[in-house]
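Asker: The chain contents come next:
There are 2 protein chains.
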Amino acid sequence: MSDPSTAQNAADSIHGRGEFAVIDAITRRLPQGEAVSVPPGDDAAVVRIDETPVAVTTDVLVAGVHFRTDWSGPDDIGRRAAAATLADLVAMGADPVALVVALVAPPSTDADWVLRVADGLRDEAAITGASVVGGDLSAGDRIAVTVTGIGSLGGRVPVLRSGAMAGDQVAVAGRLGWAEAGLAVLGRGFRSPRVLVDAYRRPEIPYWAGLVAAASGVHAMCDVSDGLLADLGHICTSSDVRINIESALIEIGDPVASVAAAYGSDPLPWVLAGGHDHAFVAAFAADDELPEGFTRIGDVGPPTGFDAAGGSMVTVDGEVWAGPSGHRHFDG
Amino acid sequence: MSDPSTAQNAADSIHGRGEFAVIDAITRRLPQGEAVSVPPGDDAAVVRIDETPVAVTTDVLVAGVHFRTDWSGPDDIGRRAAAATLADLVAMGADPVALVVALVAPPSTDADWVLRVADGLRDEAAITGASVVGGDLSAGDRIAVTVTGIGSLGGRVPVLRSGAMAGDQVAVAGRLGWAEAGLAVLGRGFRSPRVLVDAYRRPEIPYWAGLVAAASGVHAMCDVSDGLLADLGHICTSSDVRINIESALIEIGDPVASVAAAYGSDPLPWVLAGGHDHAFVAAFAADDELPEGFTRIGDVGPPTGFDAAGGSMVTVDGEVWAGPSGHRHFDG
Chain P
0 MSDPSTAQNA ADSIHGRGEF AVIDAITRRL PQGEAVSVPP GDDAAVVRID
50 ETPVAVTTDV LVAGVHFRTD WSGPDDIGRR AAAATLADLV AMGADPVALV
100 VALVAPPSTD ADWVLRVADG LRDEAAITGA SVVGGDLSAG DRIAVTVTGI
150 GSLGGRVPVL RSGAMAGDQV AVAGRLGWAE AGLAVLGRGF RSPRVLVDAY
200 RRPEIPYWAG LVAAASGVHA MCDVSDGLLA DLGHICTSSD VRINIESALI
250 EIGDPVASVA AAYGSDPLPW VLAGGHDHAF VAAFAADDEL PEGFTRIGDV
300 GPPTGFDAAG GSMVTVDGEV WAGPSGHRHF DG
Chain A
0 MSDPSTAQNA ADSIHGRGEF AVIDAITRRL PQGEAVSVPP GDDAAVVRID
50 ETPVAVTTDV LVAGVHFRTD WSGPDDIGRR AAAATLADLV AMGADPVALV
100 VALVAPPSTD ADWVLRVADG LRDEAAITGA SVVGGDLSAG DRIAVTVTGI
150 GSLGGRVPVL RSGAMAGDQV AVAGRLGWAE AGLAVLGRGF RSPRVLVDAY
200 RRPEIPYWAG LVAAASGVHA MCDVSDGLLA DLGHICTSSD VRINIESALI
250 EIGDPVASVA AAYGSDPLPW VLAGGHDHAF VAAFAADDEL PEGFTRIGDV
300 GPPTGFDAAG GSMVTVDGEV WAGPSGHRHF DG
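Chains as they are written, first to last, in numbering that gives the first Met the number 0: chain P, 0 to 331; chain A, 0 to 331.
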């Protein structure tokens with residue numbers, strides 16, 4: 000008997016319909032109760048527990064899709080899994096309090112290897128003061144790590160993707176393109192420049208800058224996990240604005256530029272479309288002094304004259320970016 | 000190159016060391032911050048978010064380990080995945096407020112099948128008034144559903160496994176052995192008795208009875224997911240007590256008894272060691288009137304004279320149970 004979970008026609012599969020379309024279809028089927036302050040669709044949801052707003056978000060990393068066990072050590076994998084969730088909480092303006100983790104692994108997996116994944120989760124969580132408070136462990140074919148985080152808004156309003164306004168300045172805190180350049184290095188079978196490989200294996204996320212931005216009244220924020228242009232596209236769609244990035248304002252790190260030169264590549268696609276760095280990109284009022292760690296890279300404009308379909312609401316130096324704007328899974 | 004995540008020696012693998020030993024080793028490496036009221040080791044953890052206690056727990060179900068796509072429909076799988084997490088929250092005395100879900104699926108998976116998993120999650124959550132507020136979707140070899148839940152204690156103290164006291168009465172709410180009997184039916188290639196197959200596919204969990212018990216000052220509670228004796232063993236270990244079950248007090252459902260008779264099996268192992276029903280088992284003060292839905296099945300005694308190692312602290316009719324006491328994963 001064929002597996003009833005497999006699509007009869009490729010067009011009806013997750014791959015055929017597209018990951019984002021399936022997520023969108025799921026979301027439309029989910030009624031949201033009275034306790035829900037921020038429904039699905041932002042970096043995290045916010046629900047009221049006994050009148051206290053709690054931010055909650057979940058992320059899954061799968062071997063062969065989000066990491067390779069021969070490219071990243073178990074502690075690196077744990078750190079990255081925690082980081083993806085912690086960055087989502089911070090992008091919401093929430094201070095991470097606790098993580099829970101579900102680990103799927105083949106029964107033949109080295110138990111010490113698993114312990115080191117837990118160490119990585121613990122150490123990344125500790126940067127933000129969060130604790131790993133629970134988990135589950137199950138057999139499966141491939142290693143997969145699902146990390147769910149909950150965080151405190153501490154009396155602040157959540158920072159939504161929908162708050163950007165025409166006239167705002169767009170600014171970024173953290174690295175852009177470093178992890179993608181590191182992946183390019185690993186993909187060619189190299190292990191150096193080490194600083195780029197490390198940037199991929201163990202991203203350094205400016206959690207503090209994100210929380211300071213949230214406390215200072217930032218209009219909109221997300222972490223860059225899909226790629227800068229894709230994530231700015233989410234802000235544009237949610238806020239009904241357009242965003243123009245000035246490429247001259249984007250700092251291209253020296254190692255990124257060097258490796259691009261060595262490979263005869265243009266570093267800009269890594270910077271504009273690379274994920275994994277978990278920088279924070281945000282819209283601030285035009286006359287705001289930017290919080291420490293943030294650098295202006297562009298501006299928010301009205302949506303007039305732009306295609307409401309998404310990606311083309313983001314321009315680079317006034318032009319629609321011709322290259323890829325971000326990552327997709329389910330392309331395998 | 001061999002995969003660095005795979006154990007060189009079978010004894011060092013998760014299977015070799017044992018699932019619970021690995022979980023225990025992980026837990027010992029995780030420091031718990033000041034915000035953590037109930038650390039890992041109970042049905043759920045409790046953390047304070049802006050001084051409000053929040054219960055949080057996560058469960059993962061993997062195809063071929065916890066369900067089979069030819070035995071359960073997508074809505075059933077969604078319901079069971081939600082139920083495992085919701086039952087953990089209720090066993091903690093927490094009213095479920097929100098779920099987030101991470102779904103791993105092959106790219107060839109039918110998108111409509113995935114939507115029906117989401118429907119099942121939604122419908123089971125709705126029984127408790129909880130909303131599905133977010134999620135993540137990733138490619139992988141096998142379908143896996145990780146559901147994390149957060150819940151409100153509404154000013155009550157959490158119901159721990161460690162609160163049972165000598166002299167307490169042990170009582171259960173919900174079905175025992177029905178789902179296991181349904182699995183036995185499916186395992187023989189049958190689809191009837193339908194009532195047992197349905198009990199496996201879509202367990203009916205007495206969430207309400209669990210919450211009423213929590214509000215009425217129950218001493219200790221857990222949901223039966225590992226098997227009655229195994230879960231009572233957790234209470235014994237945490238509470239430093241022994242528990243004796245009187246088999247004559249355990250109701251064996253008519254369909255369970257009939258199928259056991261037809262298969263020439265003893266129904267007691269299904270009842271004592273079967274999982275999946277998510278009944279609530281609890282210790283109440285001896286003179287408490289049991290809340291509606293709970294039936295007394297035994298008593299709590301002092302630990303004297305019993306082996307502190309675990310399982311043998313639970314007896315059936317005064318004897319150590321010779322059969323299996325519960326489920327293990329990683330046996331494949």
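Hints are computed from structural coordinates only; laboratory data are not their basis. Some clues are possibly wrong.
Now the stretches of chain A that chain P is said to cover, found in silico as 3 or more residues with beta-carbon under 8 Å [claimed, not checked]:
#1 41 to 51
#2 139 to 146
#3 222 to 234
On the chain A side, residues computed to face chain P include the following (Cβ under 10 Å) [claimed, not checked]:
#4 Ala24
#5 Arg121
#6 Asp135
#7 Arg190
#8 Val194
C-beta: ideal position from N, C-alpha, C; glycine also.
Asker: Holds or violated: the hint that Arg190(A) contacts chain P, with Cβ atoms closer than 10 Å.
Answerer: Interface hint status for Arg190(A): violated (13 Å vs cutoff 10 Å).
Asker: In terms of beta carbon proximity below 8 Å, does the segment 139 to 146 of chain A have 3 or more residues touching chain P?
Answerer: holds (count 6)
Asker: Given a cut of 10 Å on the nearest C-beta pair, is the interface hint for Ala24(A) held or broken against chain P?
Answerer: Since chain P brings a Cβ to about 6 Å from Ala24(A), closer than 10 Å, the hint holds.
Asker: Under 10 Å is the threshold here; is the Cβ of Val194(A) close enough to any Cβ of chain P for the hint to stand?
Answerer: Given a least distance of 23 Å, the restraint on Val194(A) is violated.
Asker: Taking 10 Å as the limit, does the beta-carbon of Arg121(A) come near enough to a beta-carbon in chain P?
Answerer: Check passed: Cβ of Arg121(A) comes within 5 Å of chain P, closer than 10 Å.
Asker: Double-check Asp135(A) for me: the hint is only fine if its C-beta lies closer than 10 Å to a C-beta in chain P.
Answerer: Holds: closest Cβ of chain P sits about 5 Å from Asp135(A), inside 10 Å.
Asker: Taking beta carbons only, do three or more residues of the segment 41 to 51 of chain A come closer than 8 Å to chain P?
Answerer: As far as the segment 41 to 51 of chain A goes, the hint holds, because 8 residues have Cβ atoms under 8 Å from chain P.
Asker: Examine the segment 222 to 234 of chain A: at least three residues should have C-beta closer than 8 Å to a C-beta of chain P.
Answerer: Since 0 is below three, the answer is violated.
Of the numbered hints given earlier, the model fails hints 3, 7, 8; all others are met.
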